[in-house]
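Participant: Put chain B on the given structure of chain P with help from the hints.
These protein sequence lines map, in sequence, to chains P and B.
Counting from 1, position 222 in the first sequence corresponds to residue 222 in our numbering; the numbering is continuous, with no gaps.
Take any residue in the second sequence, note its place counting from 1, add 1000, and you have its number in our numbering.
No lab work stands behind these hints: they were computed from the structure.
All values reported here derive from a predicted model rather than from experimental measurement.
Keep in mind that a hint or two might mislead.
To be verified - Restricting the straight-line Cα-Cα distance to at most 25 Å, the calculated cross-link-like pairs of lysine-lysine (DSS-like) are:
| no. | chain 1 | residue 1 | chain 2 | residue 2 |
| --- | --- | --- | --- | --- |
| 1 | B | 1089 | P | 343 |
| 2 | P | 255 | P | 384 |
| 3 | P | 342 | B | 1089 |
| 4 | P | 279 | P | 135 |
| 5 | P | 255 | P | 303 |
| 6 | P | 97 | P | 289 |
Here's the letter readout for the chains.
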Amino acid sequence: MTMLTETSRSLRKTALNRAHRSLGARMVDFGGWDMPVEYPNFEGRPGGLIQEHLAVRTAVGVFDVSHMGDLRITGREALAAVQYAAMNDASTLVEGKAQYSALLYAEGTFVDDIIVHKVSDHDYLIVINAGTREKDFEWTRNAVRDFDCRVADEGDRYTQLAIQGPLAQATLQKLTRFDLGSLKSYTFGFGEVCGLSGVMIARTGYTGEDGFEIYIPPDEPTSARVWSEVLAAGREFGILPCGLGARNTLRLEAKLPLYGHEISESIHVFEAGLERWCKLEKASDFIGKSALEKAKAAPLSRKLVGLEMTERGIARDDYPVLDASGNRIGRVTSGSYAPFLKKNIALAYVPPAFAAPGTEVKVEIRNQAAGAGVVPTPFYKRPKRP
Amino acid sequence: MAYPNKYRYTKEHEWIEVDGQKATIGITDYAQSSLGDIVFVELPKVGAELQQGKSFGTVESVKAVSELYSPATGTVTEVNAGLADSPEKVNSDAHGSWMLRITLRNPEELKSLMSADDYEKFIAEEAGS
Chain P
1 MTMLTETSRS
11 LRKTALNRAH
21 RSLGARMVDF
31 GGWDMPVEYP
41 NFEGRPGGLI
51 QEHLAVRTAV
61 GVFDVSHMGD
71 LRITGREALA
81 AVQYAAMNDA
91 STLVEGKAQY
101 SALLYAEGTF
111 VDDIIVHKVS
121 DHDYLIVINA
131 GTREKDFEWT
141 RNAVRDFDCR
151 VADEGDRYTQ
161 LAIQGPLAQA
171 TLQKLTRFDL
181 GSLKSYTFGF
191 GEVCGLSGVM
201 IARTGYTGED
211 GFEIYIPPDE
221 PTSARVWSEV
231 LAAGREFGIL
241 PCGLGARNTL
251 RLEAKLPLYG
261 HEISESIHVF
271 EAGLERWCKL
281 EKASDFIGKS
291 ALEKAKAAPL
301 SRKLVGLEMT
311 ERGIARDDYP
321 VLDASGNRIG
331 RVTSGSYAPF
341 LKKNIALAYV
351 PPAFAAPGTE
361 VKVEIRNQAA
371 GAGVVPTPFY
381 KRPKRP
Chain B
1001 MAYPNKYRYT
1011 KEHEWIEVDG
1021 QKATIGITDY
1031 AQSSLGDIVF
1041 VELPKVGAEL
1051 QQGKSFGTVE
1061 SVKAVSELYS
1071 PATGTVTEVN
1081 AGLADSPEKV
1091 NSDAHGSWML
1101 RITLRNPEEL
1111 KSLMSADDYE
1121 KFIAEEAGS
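Bound conformation, chain P alone (with noise of 0.2 Å):
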């Protein structure tokens, strides 16, 4: 059998990374990070992907969550500036309200999705992809080089963790008396948690669950031990530490794109399907605006769409995407099992004509074709709570 290589040359570790070890995470090199991808077992009891995955679903976990890169855009022309380097409208953004958005270049293609965070009028917290740390900041900076206002790299100063499912906020509420209830998802304040204060405190997530994502000092004592106070909180409700395996299982269970994957620089914004979050009638100019709206006129090349492997057989990233005569018509962007679904979905690039749900093709697997069938995304949604 070949094995997965477990390596510790010289990568970035969050503050979290001595916690993760002591807890007996398996650890991979994850753009440049040192992270988690699992944690075989917890207090006594089964941990790993599949476990991890179903207790966001039923319960809660907690990531570390602090590789994500943060920028932070400040001035008088703060506002304009993200009105131009992103794509959706900020100027819809009330203090407290955060949207998801992303980067383009000229030809309206992805240099990054981020969650934009209203912070005031004159401050935006914008939120990227560990990945793309460097190429995003370069790129914002040169983007709004015309605007008054200044443009930071605040990755290092947060510890972000994401605590998340069902009893998230019940979870969290014990470690704060900032009224949870009050935070919409998509919303963010500030308050004190785990004796610490002027936390921001967001209910957002990349998991298809309701959560909330906190950031924190980003010292070894301080993380460690709010991490260590979450995971005793949740505790009761059966909370799990969370990897980023899991982490991308539950995304593709909820669709959410991946930089790299199903969003990436030769890839626009309606192949996509990203266009809700695409405001091209926006008062101001953006970049990647004009290309997109020739685009929008013009017939599509190629969609994503879900499939859900109907023979043996699981589609994995990369995989060419057949006809049922066995041409190659695209490929799969993410495949796995998915553990709450119990079924092996993909994402998949394919002309549209191969788009409408029930649409019949195969997946390439290892020379040979298995079956699969094209069916409505987003796999999993939540179901309505109370």
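Facilitator: Just chain B, lined up with the frame of chain P:
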């Protein structure tokens, strides 16, 4: 986890138990624990010819695909069909969840494989490197 003395082991983390001309093949506990939750096992059919050191199938965890390499040359006589529906059995009992039974063509070649003691030293080094 104890590695049975009656098995021999490959550097690719398969085990083989020999009984005369017949042998049984599986993957080690170290392999299953490194892979994580196993969700798919793809094995050859009865009658397939295996060659020592050559790939004979795949095992997939949620996050990765790994090839299986044959510890010995021979012909497949039986396949553990139960693993198709319950691949997670390899996680719970790797040394009991056999994958294939084969008829050996060249029992001499098994001398190149590791004993349980050697394999334990080998994985200790691999885990530490």
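Participant: Provide an ascending list of the numbers of those earlier hints which the structure does not satisfy.
Facilitator: none
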